[in-house]
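Chains as they are written, first to last, in this note's numbering: chain A, 1 to 398; chain B, 399 to 579; chain C, 580 to 724.
Certain hints may be false.
[Stated by the list, open to error] Label pairs and their in silico Cβ distance ranges:
1. Leu685(C) x Gln538(B): 15 to 23 Å
2. Gly628(C) x Ala87(A): 24 to 32 Å
3. Ser618(C) x Ala87(A): 49 to 57 Å
4. Ser677(C) x Ser393(A): 40 to 48 Å
5. Phe228(A) x Ser699(C): 23 to 31 Å
6. Thr623(C) x Thr505(B): 45 to 53 Å
Calculated from the structure, these hints are not laboratory results. Glycine is no exception: its CB is placed at the ideal position from the N, C-alpha and C atoms.
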Amino acid sequence: MNSSVVSFFAEAPPYQMAVAKLTEILGFDSSVLMAFVTFFLASFVVVNVMALVGGLGTYAERKISADLQMRLGPNRVGPFGLLQFLADGVKMILKEDIIPRDADRFLFIIAPLFCLGGVFATLAVLPFSSGFTLTHLNIGVFYLLGVSSLVGVGIFLGGFSSNSKWSMLGGMRGASQIISYEVPVTLSIITIVILSGSLAFDKVIGIQGGLPHQWFFLHNPFTLISFFVFFISALAETNRAPFDLPEAESELVSGYHTEYTGMRFAFFALAEYIEVFVVCGVAVALYLGGYQVPFHLSELHFLHDTLGVPMAPARMLGQILEIGSFVTKTIALYYVVIWIRWTLPRLRVDQLMTLCWKYLTPISLFNLVGAAFWMWAFKGESVWTLLANLTNSVGGGH
Amino acid sequence: MFDNFIFLSSAALAIGGALSVVVSTNLMHSCIYLLMSLIGVSGLYVTLSADFLAATQLVVYVGGVVILMLFAIMLTAGSDNKTVNRFGIVKIPPMGNLKTYIMSLLTAGVMGCSVLKMIMNINQTTKLGELPPYSTTVEQIGTLLVTDHVLAFEISSVLLLGALVGAAVIARPRLENEVTK
Amino acid sequence: MTAYNLNAYMPVIILVGFAIIMIVGALIVGRFIRPHNPSDLKETVYECGEAPMGVAWSNFHVRFYVLALVFIIFDVEGALMFPVAVIFRKFNEIGSGSAVFVSLLLFIGVLLAGLVYCWSKGDLDWVKSYTQQSFNEERDEKKLA
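Generate coordinates for the entire structure from the input sequences, incorporating the hints supplied.
The structure is reproduced here in structure tokens:
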């Protein structure tokens, strides 16, 4: 059964009372209506927080790059320049909206929608915590793969519709890069699916633990390699440096969004920054234990029974701890993404394809077979459990 | 209520998209309408509780086939004609010869038969009553793939191998003298 | 009960709706506050300050198409392997994991053969180094063999 933010709230008495009250007033079963309202409010919160994350992402990018290059970075708007992204947003919305004369207007207008829509749709399954995830679909990871492929179409259309040579080259490169690197990503995800036995994020995370040795990242040697394959490919899928060939400013002006101005450009940028967050979140969920808190601190019976926190605050506190765990790891990965961008030089397009098809794809196939072998031979136990068993049996022999 | 909404909206998307594919004279626009239609079909799968199939539709068709079509258009698009492609609807030669009539008759026959079969099934399906309780379709499909249909699963890999080799062979660069030979 | 399951897909539609509202809303709000002075020069595409020559919709290299074809094949492969991967753990727990493992190995092995074939024939090279000279050399090698 799919659990979701609604089923989390539905366990609370006030929610049930509200449903009963509404049913009484309206005269029909209002659980669907209430679910819609809850989903709507939760989605609204998530979208706004994510827009904020995207905005702060641009700020973090500039601040961290400045830090790495011993500059100051934005420091005028607000404390430490924190409000810089708002100033940028206001600037964007005040810019003139130009559609090139020769552009394909329909595709030009619809292209940012594909990017933003595809990225927003992935937020539906991004596991912030066990309760506050919008919805835990049974096909979570696979759904995420499918929806995020819309971004590639959006980037291609952005490049095609502008009718500019730079954009066209950027769009073609972008689409081909995104589809190429989806292969190692898919294979790496299957590696994890074999070990977890489920596609739903809550099950994948549930099988991991709060401490690093319980994560899939350190589960066995194959998942360790698979994490790096996934992370590298994910960088390429989100067009981040060193794989930012679709928008390589030294050769393609600005790539697929050369002709986009003002808000239309802002949506492409926003989609990209949110996608980086989503991809980091997926990496955390699959490999780094997701929202699991160490020592089961967030579990209800610990907070409620051991510490004596009342029921409703205990539930909330547990969720907040889980969100804290998830967000901390995700932001740490986000920092690594930005760090890589300002450290490594850009790849050439033939090197990009060589890396994908001749290194990452064979390695991830090898990982896949290795993980299947591990599952078959060791019943999917982690290497630490096996070591513990080994020492126990040796100790028992004496 | 929401069931109806999701069904109606995805059906509208599927049919509207498909109609627009036919009506549109711009090849690139047709491709995007087709994308919308495919998303609509995936929505229809969701209403049938076939969630894995819906996601497969998204992954394979939206992420793969549509991109392939876009690249195919870019492969063939001539720059002489601004928006209407040279294979566009305007330039197709008149279709009123015997061959096309026979083809369309056969197609209409096949489609008519399948529609008839679907219509005849309607009376029977109402007797079946409630759908079986929902459990994850992924596991059901997976179990079938390694038990009853394991041969199909393995043969499909051979099919994919054939497609891979075929794609590679077709696109292999040939030099001028070899092509003319 | 199907009604509940479909409700789980509500956020998807709501979120896509938000994306549409955001784009349309921002453009409509912006319409009232942003300048609108179109000029002939402004509406040309950027081509390093020169007047653009022709349209950009030219034919592209066949390698993109091949890449998409190869990608679809791996995509379908992934889609077929996901269900098998999901039930692998369950089958392993009841003791018949070997069957699943072998069928998975066969499946991957056949596709690996395809990858090896493409690799050895140089189809995975982005820049295909076919010149008249290398072509002649290869032809001579074939004749010798």
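- request: Could you tell me which of the numbered hints above are not met by this structure, giving the numbers in increasing order?
  value: Those not satisfied are hints 3 and 4.
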